[in-house]
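From first to last, the protein sequence lines are chains A and B. Numbering (the numbering used here) for the first sequence: 1 to 533. Numbering (the numbering used here) for the second sequence: 1 to 533.
Some hints here could point you the wrong way.
Reference listing, derived: stretches of chain A covered by chain B, where coverage requires no fewer than 3 residues with Cβ under 8 Å from a Cβ of chain B [stated by the list, open to error]:
hint: 1; region: 91 to 103
hint: 2; region: 187 to 195
hint: 3; region: 262 to 270
hint: 4; region: 473 to 487
If you are wondering where the hints come from, they were derived from the structure by calculation, not from laboratory data. Quick caveat, the model's predicted, so the values are computed rather than measured. Positions of the beta carbon are idealized from the N, C-alpha and C atoms, including for glycine.
Next come the chains, spelled out residue by residue.
Protein chains: 2
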Amino acid sequence: MTAGSQGPRPLILGLLLCALGPALTQGGKLLVVPIDGSHWLSLVRIVQQLQHKGHDIVVLAPDASMYIKEGAFYTLKRYPVPFRREDLEVAFINLGRSVFENDPFLQRMVKIYKKIKDDSALLFSACSHLLHNKELMSSLAEGSFDAVLTDPFLPCGPIVAQYLAVPAVFFLNGLPCSLDFQGTQCPNPPSYVPRPLSFNSDRMTFLQRVKNILIALSESFLCNVVYSQYAPLASEVLQKDVTLQDLMSYASIWLLRSDFVNNYPRPIMPNTVFIGGINCASKKPLSQEFEAYVNASGEHGIVVFSLGSMVSEIPEQKAMEIADALGKIPQTVLWRYTGTPPPNLAKNTKLVKWLPQNDLLGHPKTRAFITHSGSHGVYEGICNGVPMVMMPLFGDQMDNAKRMETRGAGVTLDILEMSSEDLENALKTVISDKSYKENIMRLSSLHKDRPVEPLDLAVFWVEFVMRHKGAPHLRPAAHDLTWYQYYSLDVIGFLLAVVLTVIFITFKGCAFAFRKCFGKKERVKKSHKSKAH
Amino acid sequence: MTAGSQGPRPLILGLLLCALGPALTQGGKLLVVPIDGSHWLSLVRIVQQLQHKGHDIVVLAPDASMYIKEGAFYTLKRYPVPFRREDLEVAFINLGRSVFENDPFLQRMVKIYKKIKDDSALLFSACSHLLHNKELMSSLAEGSFDAVLTDPFLPCGPIVAQYLAVPAVFFLNGLPCSLDFQGTQCPNPPSYVPRPLSFNSDRMTFLQRVKNILIALSESFLCNVVYSQYAPLASEVLQKDVTLQDLMSYASIWLLRSDFVNNYPRPIMPNTVFIGGINCASKKPLSQEFEAYVNASGEHGIVVFSLGSMVSEIPEQKAMEIADALGKIPQTVLWRYTGTPPPNLAKNTKLVKWLPQNDLLGHPKTRAFITHSGSHGVYEGICNGVPMVMMPLFGDQMDNAKRMETRGAGVTLDILEMSSEDLENALKTVISDKSYKENIMRLSSLHKDRPVEPLDLAVFWVEFVMRHKGAPHLRPAAHDLTWYQYYSLDVIGFLLAVVLTVIFITFKGCAFAFRKCFGKKERVKKSHKSKAH
Chain A
1 MTAGSQGPRP LILGLLLCAL GPALTQGGKL LVVPIDGSHW LSLVRIVQQL
51 QHKGHDIVVL APDASMYIKE GAFYTLKRYP VPFRREDLEV AFINLGRSVF
101 ENDPFLQRMV KIYKKIKDDS ALLFSACSHL LHNKELMSSL AEGSFDAVLT
151 DPFLPCGPIV AQYLAVPAVF FLNGLPCSLD FQGTQCPNPP SYVPRPLSFN
201 SDRMTFLQRV KNILIALSES FLCNVVYSQY APLASEVLQK DVTLQDLMSY
251 ASIWLLRSDF VNNYPRPIMP NTVFIGGINC ASKKPLSQEF EAYVNASGEH
301 GIVVFSLGSM VSEIPEQKAM EIADALGKIP QTVLWRYTGT PPPNLAKNTK
351 LVKWLPQNDL LGHPKTRAFI THSGSHGVYE GICNGVPMVM MPLFGDQMDN
401 AKRMETRGAG VTLDILEMSS EDLENALKTV ISDKSYKENI MRLSSLHKDR
451 PVEPLDLAVF WVEFVMRHKG APHLRPAAHD LTWYQYYSLD VIGFLLAVVL
501 TVIFITFKGC AFAFRKCFGK KERVKKSHKS KAH
Chain B
1 MTAGSQGPRP LILGLLLCAL GPALTQGGKL LVVPIDGSHW LSLVRIVQQL
51 QHKGHDIVVL APDASMYIKE GAFYTLKRYP VPFRREDLEV AFINLGRSVF
101 ENDPFLQRMV KIYKKIKDDS ALLFSACSHL LHNKELMSSL AEGSFDAVLT
151 DPFLPCGPIV AQYLAVPAVF FLNGLPCSLD FQGTQCPNPP SYVPRPLSFN
201 SDRMTFLQRV KNILIALSES FLCNVVYSQY APLASEVLQK DVTLQDLMSY
251 ASIWLLRSDF VNNYPRPIMP NTVFIGGINC ASKKPLSQEF EAYVNASGEH
301 GIVVFSLGSM VSEIPEQKAM EIADALGKIP QTVLWRYTGT PPPNLAKNTK
351 LVKWLPQNDL LGHPKTRAFI THSGSHGVYE GICNGVPMVM MPLFGDQMDN
401 AKRMETRGAG VTLDILEMSS EDLENALKTV ISDKSYKENI MRLSSLHKDR
451 PVEPLDLAVF WVEFVMRHKG APHLRPAAHD LTWYQYYSLD VIGFLLAVVL
501 TVIFITFKGC AFAFRKCFGK KERVKKSHKS KAH
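Construct the complete structure from the given sequences, taking the supplied hints into account.
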């Protein structure tokens with residue numbers, strides 16, 4: 001048997017699922033509370049599919065949005081927020097720029113902290129404005145929705161769902177500070193489940209495990225800066241005491257954009273559904289422009305280069321270093337770059353303002369993918385079996401890169417520290433060393449060999465929650481325990497008390513019996529002696 | 001939207017999966033090492049489906065087998081064992097009979113212990129004879145199998161798989177003493193995951209949690225009687241030190257005949273696939289005999305009654321009590337019973353030597369199911385939405401009954417203690433109290449609303465393991481940790497030592513500084529004083 005010999009089967013199945021769907025489903029009403037940015041771009045595919053299946057969909061978004069626009073397959077309800085679209089764009093661009101500021105460590109940390117705090121406050125103000133918009137909230141309450149589909153990265157959607165008393169489906173890549181583990185009540189042993197930002201794999205040395213536990217211990221403090229305001233807001237809106245964990249525990253189903261080809265195997269809970277690679281589904285033929293680039297590349301093929309939606313400009317010095325390296329490989333490089341073209345740009349390097357990343361990666365002539373290793377990009381690399389040169393910039397990108405490197409499917413570079421030669425060598429390595437291609441192809445064949453396509457699985461579970469008004473049979477009883485009950489500390493305490501009491505009584509009993517027996521004898525002896533005297 | 005409105009979809013999908021399968025799969029070679037009894041009856045459906053998909057299948061069985069016979073869709077390889085088929089049948093019948101022996105508790109426990117020990121020794125001898133059968137083992141080694149599909153309830157199959165160095169798929173309902181949790185490295189918090197034989201639900205009182213932990217603590221001792229001999233046997237055959245946990249950890253994929261409609265939600269691992277209800281798949285129209293019974297039952301319909309394959313005879317007194325109760329309900333009762341007919345058998349009760357349980361339960365005229373609540377029966381009750389009167393006899397049946405009772409889908413009776421009225425009342429309750437029908441129908445609609453049919457899912461994952469030579473990407477790194485590393489005890493110890501050292505040094509430092517400062521002053525003062533004197 002050959003690995004991956006069943007390649008086309010899930011795709012055909014997926015199509016059949018879609019084709020069968022509409023005829024068998026009655027239309028429901030779904031409220032979508034997305035988060036702006038790349039998160040929305042994969043969520044929108046599910047929304048589209050659900051509309052095709054006959055559901056009536058309302059998408060809720062601030063009037064200052066970057067990616068969330070009017071769409072043919074949903075009704076967009078906008079709400080006013082105290083900032084403009086431009087403010088959001090500046091915040092995003094500044095985040096991208098901050099990567100290249102080469103400040104000393106402490107200064108850098110303070111800057112990052114301040115930036116996260118400011119951006120969080122901006123996004124929190126949008127949430128607060130939504131929840132205090134009485135007119136909109138009552139019109140939603142009258143909407144009789146069957147479910148809320150939301151990205152809980154910022155827990156505004158979960159508050160809306162609880163306010164409407166409607167079951168929720170969470171759609172996400174993962175949450176910082178193990179909030180997703182808390183929300184699902186999923187065990188998370190720090191001995192082999194690497195913590196985000198630890199750069200650990202699932203196989204750790206002793207010191208790496210020490211680091212992992214220290215990060216685990218500090219997680220709840222670290223996340224306060226982003227999340228501390230949501231529980232008071234929820235408590236006010238819902239008129240009851242609500243914690244952040246209550247908000248995160250509200251989901252009936254968690255759709256995780258992840259799988260165990262990319263992530264390390266770890267415990268999971270029954271209401272977690274893995275839909276990693278959902279963004280690879282929609283493939284289109286290349287436009288004439290890109291088809292021409294690829295055809296002109298000859299036997300050496302092409303390299304696709306993009307640092308994601310947040311970074312399309314790079315400081316000139318760095319851009320020149322990169323351009324220098326790209327000029328030294330025989331492949332044609334398609335580089336998504338909106339800044340001033342570096343003066344040393346070689347002939348083989350084409351700058352484009354946008355590129356059809358997934359379609360280009362799917363072309364057989366693509367030899368390598370230079371990426372910031374965002375979760376979408378990494379999955380597109382895996383789906384299409386393209387070895388990667390990774391330059392992680394922030395957030396989960398370092399961990400994504402670490403995982404691909406551990407699996408021998410790519411090389412990681414520090415974009416600040418790397419030299420032109422480092423990039424050139426990394427590219428030549430992943431292209432000429434066959435092991436990289438073999439490893440990514442193995443990952444690709446494992447990833448694509450699945451009984452149901454991720455998009456169909458996501459649609460199925462959203463509809464399941466709509467049909468059954470939630471999924472209470474998948475909710476573990478752990479949600480109803482206190483932390484000391486969960487860890488059985490009260491039972492252990494009780495059993496220890498029983499054991500100690502038994503030991504104590506036995507000891508006292510023995511001592512008493514000993515005194516009774518030998519004490520008497522001694523007294524008898526003594527009295528005997530005294531009589532003898 | 002209506003719950004369950006998509007009822008027929010998974011079935012259609014399942015059929016499509018099957019129809020598509022053969023054309024897309026290259027045939028592989030599969031070795032099946034089953035366990036005799038009802039376990040085999042659901043495993044054989046997977047075997048049949050795999051053969052339809054073009055795989056070459058060899059089934060390995062002792063020449064003294066009860067259920068495992070020659071089949072058109074596999075090659076049966078028999079091996080000699082030191083007992084006859086009759087010995088096995090007697091052991092099974094005696095197990096059934098032992099249920100009705102009304103001995104005092106302690107005497108009963110000693111008898112059960114002795115019975116389990118004797119039966120285990122019998123089955124172990126079969127395993128030992130297989131593994132020491134050099135000719136057969138070398139012919140298997142030459143068979144170049146792609147995978148071994150086995151029931152690990154007795155870990156003979158896992159030893160064969162390791163001996164052949166071929167990946168294994170485990171097929172089971174569950175293992176005693178949390179061996180399945182150990183084998184998958186799955187967390188198993190005793191605070192909300194009820195232990196087998198505890199009769200606890202997932203929501204426990206303090207005292208139930210105490211009982212649960214005490215059972216958890218004693219599990220490893222309890223299972224010694226069945227499993228202690230397998231590790232030495234494996235070590236001898238594999239010529240390396242092997243523990244029972246090593247054997248149980250060998251599986252690439254665990255196919256669990258369970259789901260979260262029947263079982264309580266709890267942590268799971270990525271290589272566990274839930275195929276509960278796999279035995280409901282094959283439905284046939286009723287034979288003329290049974291069709292006639294059902295048609296003659298009129299508006300009151302029928303009740304299906306079976307205590308499973310192990311118990312088809314009951315002591316006369318008990319049989320008469322049961323017959324008395326059955327005579328008092330208006331339904332026609334179809335009772336699988338091979339013993340002497342009770343003299344008081346009413347006209348509405350038909351005794352049959354065998355009945356097509358799943359097909360009868362699927363008939364719309366079926367009003368209730370009297371069952372010993374074995375895992376197969378409970379799933380047939382759920383699939384077909386029939387309320388149950390449960391008389392658990394041994395093993396996991398008590399826990400199965402408890403779960404259905406907790407969910408309001410049935411009533412449990414103690415077959416030894418119950419009176420005729422108890423049975424009559426229980427039957428009348430589950431038939432006339434609409435909540436039982438509503439609850440089992442709700443469970444049924446949840447159970448059947450799934451993206452892929454359990455049989456297709458099982459076949460998919462066996463083929464996955466054959467295609468990819470295992471599923472190492474789903475194997476958690478926890479397998480490579482010692483128990484103290486898994487619980488991070490070494491890291492916690494180290495961190496405590498660091499903290500204590502820091503406290504100690506700080507304290508000593510302060511004390512030293514204190515002495516330096518105030519000690520001097522004091523000395524100065526003293527010397528000053530002495531000078532003053």
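Verification of the hints:
1. 91 to 103: It is violated: at least three residues are needed, and the region 91 to 103 of chain A offers just 0 whose Cβ sits closer than 8 Å to chain B.
2. 187 to 195: Contact hint for the region 187 to 195 of chain A vs chain B: holds, 5 residues under 8 Å.
3. 262 to 270: Our answer is that it holds, as 7 residues pass the Cβ test (under 8 Å) against chain B, meeting three.
4. 473 to 487: holds (count 11)
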